[in-house]
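Work out the full structure: start from the sequences and follow the hints.
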Amino acid sequence: MMIDPLTLSIFVPLFGAILTFVFPRVATVSALLAVLGTCGAVFVLALKILAAGEVLVPLGGWAPPLGITLRADGLSVAMLAMTALVGLLVSLGALESLRDLRQRQYFWPLWLLLLTGMNGVYLSTDLFNLYVMIEVIALGAVGLTVLSGTREAVRAGLEYMYASILGALLFLMGVGFIYLQIGRLDFAGLIAAEASGATSAALALMVVGLLLKTALFPLHFWLPAAHANATAPASALLSGLVVKAALYIFLRLSTYMPLPDETLVTLIGALGAGAVLWGGVQALRTERLKLLVAWSTVVQIGLIFIAFARAGQAGLTESWKAAAVLILAHGMAKAAMFLAAGRIKDEVGHDRIADLDKSEIRPTLAQFTFAIAAISLIGLPPSLGFIGKWSLMEGAMAAGYWHWVAVTMIGTLMSVAYFSRVFAGFLRFDRMRGELSEHKGWALADVAPLTLAAAAISLGLMAAPILSFIELGYPFGAAP
Amino acid sequence: MLEIIATAFIATGAVFFIAGTVGLLRFPDIYCRLHALTKADGLGLALIALGLALMANSFGEVFRILLIWFFVAVASATGSHLIASHARLVDRVHENDPDRERQT
Amino acid sequence: MTETPFLPLFILLTSLLASPILFALPESAARLRTGINLGVAALKVALVAWLGWKVSQGVIYDVSFTMLPGLEFKLQADPLAILFISLSAILWLITTVYSVGYLERGPHRARFFGFFSLCVAATVGIAMAGNLFTFLIFYELLTLATYPLVIHRGTAEALRAGRIYLIYTLAGGLVLLLGTLALWVLAGTTDFSPGGVLDQVVTENRLAAQMLFVVLVGAVGVKAALVPFHAWLPIAMVAPAPVSALLHAVAVVKAGAFGIMRVVYEVFGIETAQALGMTAPLAAMAAITILYGSLKAITQDDIKKRLAYSTVSQVSYITLGVALASPIAAIGALAHLIHQGLMKITMFMAAGNLAEGLGVKKVSQMDGVGRAMPGTMLAFSTAALAMIGLPPLAGFVSKWYLAQGGLDAGAGWVIALLLGSSLLNALYFLPMLHRAWFRDGKEQDGDAPAKQRIGWMLAAPPITTALMVLAVGGFANAPFSPLEWTRFVVAIEYQE
Amino acid sequence: MTPDLIYGLTGIAVFAIGLVGALCAQDRLRRVLALKLCSVGAGFLLVVGAWRTPSAAPDPVPHALVITGIVVMVSATAVALALIRRLKSLEAEDDD
Amino acid sequence: MSDPFLLFDLLLAGAVIALAIATLTVRDLFAAIILFVIFGLLSALAWVRLSAPDVALAEAAIGTGVTGALLLKTLHHLRYVTGSLGTNAVESLSPVQPVPAGVSWANAAFCGLITLGLATAFLGAPHAGPGLEGLVAEAMPASGVSHPVTGVLLNFRAYDTLMEVVVLLAAVIAVWQIERGLSDAPAPALGEVWEGFARLTLPAIIVVGTYLLWKGSEAPGGAFQGGAVLAAVGLMLLLSRLYVPRPAHRAVARWAFVLGTGVFAGVALLVASGGRVAFEYPLEHAKTLILLIEGLVTISIAVTLAALFHGREPVAVPAERGDNDA
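Residue numbers (the working numbering), protein chains in the order written: chain A, 1441 to 1920; chain B, 2 to 105; chain C, 13 to 508; chain D, 731 to 826; chain E, 26 to 351.
Bear in mind the hints are in silico, worked out from the structure with no lab data behind them.
Be aware that a few hints might be false.
Residues of chain C clear of chain A, computed beta-carbon distances all greater than 10 Å [unchecked claim]:
{"hint": "1", "residue": "67"}
{"hint": "2", "residue": "74"}
{"hint": "3", "residue": "78"}
{"hint": "4", "residue": "339"}
Reference excerpt, derived from the structure (chain A facing chain D, CB under 8 Å, subset only) [unchecked claim]:
{"hint": "5", "residue": "1568"}
{"hint": "6", "residue": "1598"}
{"hint": "7", "residue": "1601"}
{"hint": "8", "residue": "1707"}
{"hint": "9", "residue": "1708"}
Note that CB positions come from ideal geometry on N, CA and C, so glycine has one too.
In C-alpha cells, the structure reads:
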C-alpha cells in the first residue's frame, strides 16, 4: 500500500509548512491544501481504526524499544479528527481576519508546524519523542501568540515561553529518571515497569511539567494574557487545540504508569476544583471579552481534570473517557467562541464587555455563534459539553464522591453568570435608537465559527458512537 | 626515557599556568592581567603540547596537536587584543566621567 | 402496532425548524413572517389532532435513539402528552394571531417569533418526553428559549426580571439534572412508565427515595411556581403581553405542573409516592400556594401582577389534585390543566388589549373600561367568572371533581380549601368587573371609544378563547371534550 | 563513589539551582540562563543514565537524546532571547 | 578510593555547581554570561569524563558556544536600546518587580525539598543499569554507519532527529516573525587584527567542520557538531561585517533553512513508498543516504544558527509601525 496514513498525517503538514515558508505569496492556497490533505489522511486513518482497532507503524523498521513506533487507536484518532476539523475551520476563518501581508505570511507556516507537532503527539508512543513534539508545539504556539506584534502580546508570549520551556524541561528530567530506572522509553516499557522510587519521581516531574503546559490552577498564570492578546485565529488554535496536546499526554501517562496512590488523584481533582472556582471569579471580574473567554479556558481545563479524578484511582479506567469527551467538546466550542469573539472585536471595534451593546453595528451572526458555543461550554443539553458533564457527575455519583458533583454544579452556575454578562450585552438594544443595520450577509469568517459551534452542540446527540469510537484499541495490551 | 622528558615538560607547563593564574589574581588593572595571562598561559600551553607530542603514537596525532597549539595561540592573541582595545574605549569614555569607578 | 412512528418527531420538528427560518427573515418581511407563523401553527394543530385521533385508537408512538450507552433520547406520545400538546398547539395558534397584531410596529420581530416558536417546540418536547433525560433536555431548552422573550423589551427592568428568571429556572434545571442523575444511578433507568420505576429502590433505602422525590418535585416545582420558588412569575410579568399570555398561562407554568404529574405518576407511581408518605406534604405545599397566591393577588394593583399571582394559586390546584392520590381528584387536576390554561390566556390577552388600547395598566384605572372595550371586557368577565367557579363554566367542573376527589381520598379539608379559594378568587376578580361595567369612567369620557384603536387581531383571540371556556364548561361530557380525555388518561395512570 | 554517582548528584544540583533561578529571578536574561542550567542538569542525568561500568562502551541512545535536547534547547533559547530583545525595543519605543 | 580521577571528579563537580550558583547570583549580567560559558565548558569536560565525547562536543559547540554568542548579542541589544552601551551598567536591564524575600525563600525551600526527593530517587535507581546498548550493538551492522551515536541519531531514532531539525526551523521562523527590519545594534568595528585573524581561521574552520561531519560515521562527530562549527563561520562573517544580510538574500536563506528538513523528510517518504515503512533505508544505500542527509542537515543547521544569531528578518520595515493592529 502507499504510505500509511499515520506517517502522512505528520508529513503532509510538515511539507505544507515548508512550502508556505518558502513561497510566501502562495502561502494561503498551499496551507489550505495541506490542511485538507491532513484531514484526508486522518479520515483514512479513522476507517482503518474502525476496521483494525489499532494501527502500528514501527518507524525505520526497528522494533519498539530501539526504534520509535507510531500508534493510532480510538482516542488518538478522535483527537486527530478534532484537531483536523477545528484546524480546517479556523484556517477558513483566518482567511479574512489576517489582513496585512506579514501576518498572513507567518501565520500559515507556524500553524502548520503546530499541526505537525500535535499530530506527532497524538501518534507517538515514545516519551522522548513526546518531549520533542511538545517543543515543536511550544515554538509554533509562541510564534502565533506574538503574531499580533503588540506590546502586551510580546510580553505574554515571553511569559508563555518561560512556562513552556520549564514545563518541557521538567518533562525531560522525568524522561531521564525513567531511562535510569527501566532503560527504555516506550509505552510498553512503562506498562511493564513496576513502581519504584525513580519511576514515581519521574511521574511526579512529568505530571508537574504537563500541568504547567496545560495551565492547571496554580500554574495557569501565563494562559489568560497569552490567549487574550493573540489574534483571533491564533487564540482559537491556542485555546482550542494546543492545550489539549499536554492534556492528552497526561491521560496517556495516567493510564500507562501506575499512579502511586489515591492522594495524587484527589490532589489533581482539588487543583481542578481550584481552577474552576478561581477561574470563575476572574471571569466574572474581567472587562475584556477575549480575557473572559481565556479565563473560561482555565475553568474548563480544571473541569477536565476533575473529570479525570472524579471516581478516585479505582475509577480511572472509566473516568478518562469523561475527560476525553470534555476535551473534544471544549476544543470545538472554545475555538468557535474565540473566532466569534475576534469577529465581534473586528466589527464593533473594541472588546470591552460593558459597552458591547453601545455600537451601532450589531455583528448578529458572530454573537449568535458566541451564544451557541457558550451553551456547549456551560454544558446545557443537547451539547457535547453536557454529555461530558453528565458522565463526569454520573461517575462521581456512582463512586460516592459528592464533592466533585458539588464543584461541577458551582462551576456551571458561575459559567452561566459570566456568560450572561456577555449575553446581556448582545441582547440589550433599546439604548441604541439609531436604525440598526440589517446583518451584512454571511461572511466566510462567520460561517467557520458557526459550523464549529453547531458541531459542538449537535455532536451531543451522537455521543454514544463517539464514546464507542474512543474505546477502540483501548487497553494498550502488549501490542508494540 | 621519552615519558620522563614528556612528564617534565608537562609539569613545567602546568607551573607556567599556575603562574599565569596567580598573575591574573594579583595584578591591579586589566592591562597587566591580560599581559600575564597571554604570556604565561601561551608558554604553558606550548610546553604541554610539546610533552603530549612526544607521547603521541602517530604523526597524524602530532600534526593535530601542533594545529591545536597554533590556533589556540592565534586565538588568545586576537582575544586579548580585542579585550584591550575595548578596555581602552571604555576608559576614554570614562575619562570625562567624574564617578569613574574601577570596573573589575 | 406503531404506524408512522415519526409523527411525534414531525410535530416537534415543525416548530423547531420554523425558528431558524424566522430568525433569518429580515425585519421588513412582516407578511411572509405572519404567513409562516400561522401556517406552521395550523399545521401543528392538524398534526396534533391526527395524533390524538390515532392515540385514542390505542396506537402507541415511540421514537428513540441512544445518546449515551443505556440512555436514550425518547419521544413518546401517550394520552397524557396528547392532552398537553393539544392545549399548547391550539393556544399557540391563537396567541400567534394575537402577537402578530400586538407587535405590528415593535422592533426585532424576527428574533421574537424565532424564540417564540423555539419555546413552543420545547413545550411539545417536554410533553412528549419518554424519559426524564429527554424531559431535562427540553426543560433546559425551554429556559433558554424563554429568557430572550422575557427581556424582549430590553429595558433595565426587563433585564433585571430576566436575570431573576434565569437564576430561578436554571437553578431548577441544575437540580433536575442532579435528580435525573441520581435516578439513573439508583434505578438504572429514567424511563417514564405508568406504574413508576422505583419499586425495588423504595424497599432498599427509603430515605434515598424520599430525598429523590423532594429533589425532583422541587426542581420541577420551580417552574410550577410552588410557594418558595414562585417569586419569578410576578416579576416576569414585565414581558410583552403575548409572552406572558402564552408562557405564563400555558408553556412554562404548565410545563412545571406537567413535570410534577410525570414525576409523581410515572417515575414514582402514585402508590409508592403515597407509601413514601410524600404526597401529604406535597398537598400541604399546594394548599399553601393556593391560599398565598390568592391573598397576594388581592393586594396587587397592577393587572398583570394580579393575574400572575392568580396563576400561582391556580396551578397549585393541579398539584393538589395530583397529591390527593385519588382517581377523581386526578381527573379534576388534569381537567384544570386545560381549563385554567384557557381561562388565564383570555384574561392575559384582555389585559394586553387594555394596556395596548387604553393604556390601562392598573386595576384602579379600570373604571368604565367595559363600555370602552366591550368585546374584550366580555371575554375577560366570562373567564373571571369561570375562574371563580360559577356552576356551568369550566372552572366549576374542575373544582367539582377536585372536591369529589378530596372526599374520595378522605381529605375533607379540600372542600373547605376550594370554597375558601373560590371566595378569594371572587374577592380579587369581582372588583375589577365592578369597576369595568358599573363605574362610568367620568374623568376619561373625552377619549373616543377605544374599540377601533386595537385591530381585530387583538380583539378576536380573547373572544374565541372565552367561547372555548364556555364550550368546555357546557359540554363537559361531550365525546372529545377535555374532561372525557382526562378520564381516558387517568384510567391508564390508575389502571393497576 | 563512582563518577556516575558524583555527576548524577551534580546534575540534580544544577537542575535545582536552575529551577530556583527560573522561579525567583526577576531579570529576563537571568531566567533564560536559569532555564539553560536546568537543561544542562537534565543532560547530566541522561548522560549518567548512559554510563556503564568503567571503560565498557556507554549506551549511545541517551547520548543521541542529549544532543537532540541541546539543539532543541538552543532553538528555544534563541526564540526567548528574540522575544526579550523585541519586548525591550517595544518598551523603549513606548517610553520615549 | 584507588581511582586517581576521584579527586578530579569531585573538584570538577564542585566547580560546576559553584559556577551554576555564581551565574545566577553575580550582579553584573555580562559577568553572568561569561560564568555561564565557563560552566558550559566545564560541564562538557564532565561529560568527557563520563565517556560521552559526542555530547561534550555538542554541548561545547552549541550549548555553550552558540548560546553564549546569542546571549552576548542580546545583552548588547538591551544595552544599546537602554542607551547604556558605553558604561558597564551593572544593574539588570529590564524592569524588575523585586520578588518579595519571603517568596524567594519559599521557592528556595520548595526547590530544596525537590532536590532531596530527586537525589534519594536517583540514589535508589540502579547504577549502570539496564539500557539499549545491547540492541544498538546488534543492529549496528544493519545501520550503514559504524559510530553507534550517529547510528541512533540518523537511523534508529531518525524520526526524533527530523523533528529536532523541525524545531530548529520553527525557531528561525518564529525569530524572523518577531524581529524585523534592517537596523541592528551597531557593533563597534573590530579592527584589522580581527580581520587578519578571521581571514586566517575561516578556511581552517570550514575544513575542521567538514572533517567533523565526515568523521561522524565512525567516530564522535556528525551533523550537529559539524553544523555548529560551520555556524561559527557565519557568526564571524556577521561580526566582522564581511557579510551584511540584505532583503534580496531572504529567498536563498529560506531555502537554506528548509533544505535539511525537506531532504530528510523527502528521503524518509521516498524510502517508505517501496513497501517499507518510513525511515527504513535499504541496506545497500543506507550509508550514502545517511551521509547525504547529514551533509544537507549540517548546512541547514549552520545557516539557521547564523540566522538565529543575526536575529531578525533582513527586510526593509515599512515606515509606519502600525501594520499590526489585530
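Enumerate the violated hints, using their earlier numbering and listing them in ascending order. 3, 8 and 9
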